[in-house]
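Enquirer: Numbered according to mature numbering (1 follows the signal peptide of the UniProt record, and there is no 0), the sequence shown spans residues -34 to -1, 1 to 311.
These are calculated hints, taken from the structure and not from any lab test. One or more of the hints may lead you astray.
Capping the alpha-carbon separation at 16 Å, the derived lysine to aspartate or glutamate pairs in EDC-like fashion look like this [stated by the list, open to error]:
id	residue 1	residue 2
1	K91	E74
2	K91	E56
3	K91	E111
4	K91	D71
5	K91	E106
6	K91	E73
7	K91	E109
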Amino acid sequence: MDNSPTKKHPHAARAGSLLAISALFGGAAGASGAADPVHASGNAMTGSETAQCSVDELDGPREATSTQVTAGSSDGTEQVGYAQVDGETEAAWWSSGDPNDLLPDFEEASAAAVSESIVVGTGIKPGEEGRSSYLYYDGETRELEAPEGESARVSDLNSAGESVGHGSDGSALQWSLGAEDEPRELSSHEQAGALSIDEAGTVGGSAESEDGETMPVIWGSEGEYRELPVLDGAEHSVVSSVSGDFAIGTSGSSPDGSPDVLWNLAEDTVTELPGSLEANDVNDSGAIAATAEDGAAAVIDGEVTELPDLAGGASKAEAIADSGEVAGASQDAEGNWHAVVWSGC
């Protein structure tokens, strides 16, 4: 996770509104067979609630003036993100809608993922200067070991306590909850990174091919490796989130400006998403939490739906549970961000 709570990859093209998405997406095709198109919802929603969809603010940690959700557990019961407290940005954690204490022991901590009351992220260990990765569980924080002589950044976690990330030497890494020794290296590639792990232990990320291209890859729970299809002409593709038979990420000519895509792992297809969407998370049914120019959005059953906001300000959807509940952030009338969840959408 980047230290900035709002930084995401840029896009080369943007649409004026969600209602233009159908036209934008009409020409998109998969690299390994055509995929079903994504349609825009005809019912754009504003305000805080509709008959089907509502947005609810999560209480912030004590004395927090601003909060944001950046990740959540697959069952929707826990979220992590950021809180502004006394002018400082700190990691925040919610469980069943209630804020937990700010995570201790590491300075300038950020939280990357949460599941089953386990939190992983990065921060500065007391007495040290560089950032390192941590795991917080049962009231204790421990450093996640890096390969000898290297540093490591953790990216994601599943309910079994398996976490993944990458090393400064370009290695894709996996840590186990009960093992405090060095992480397992997932791949022999010179440059690789693991960004996501699902409940079955499938890991998504990227690896450098023999010709120097960055390829989207998944590793199975037993360590088996598989390259995914890419868009025509793509030289840089990355899996950012994987869940069950679905994954999202980017596929294009460069790290910057590459289109967002959806992979169907069972069918081995890739489909370009509309240029106005920034896909942030996917669940095990292929539903996507996304952010568009008009605000937070969800792609469910092939239809893009704009999510209601708190007070007519900006909003962004960062995580989607297997139930379809979405979490993210929305601005109030004064422009302050507040952590929210959307239900019934």
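Enquirer: Next, verify each hint and record whether it holds.
Expert: Okay, the hints, checked on the actual structure:
{"no.": "1", "hint": "K91 - E74", "in the structure": "holds, 9 Å"}
{"no.": "2", "hint": "K91 - E56", "in the structure": "holds, 14 Å"}
{"no.": "3", "hint": "K91 - E111", "in the structure": "holds, 13 Å"}
{"no.": "4", "hint": "K91 - D71", "in the structure": "holds, 7 Å"}
{"no.": "5", "hint": "K91 - E106", "in the structure": "holds, 13 Å"}
{"no.": "6", "hint": "K91 - E73", "in the structure": "holds, 6 Å"}
{"no.": "7", "hint": "K91 - E109", "in the structure": "holds, 8 Å"}
Hint check: no violations occur; every hint is consistent with the structure.
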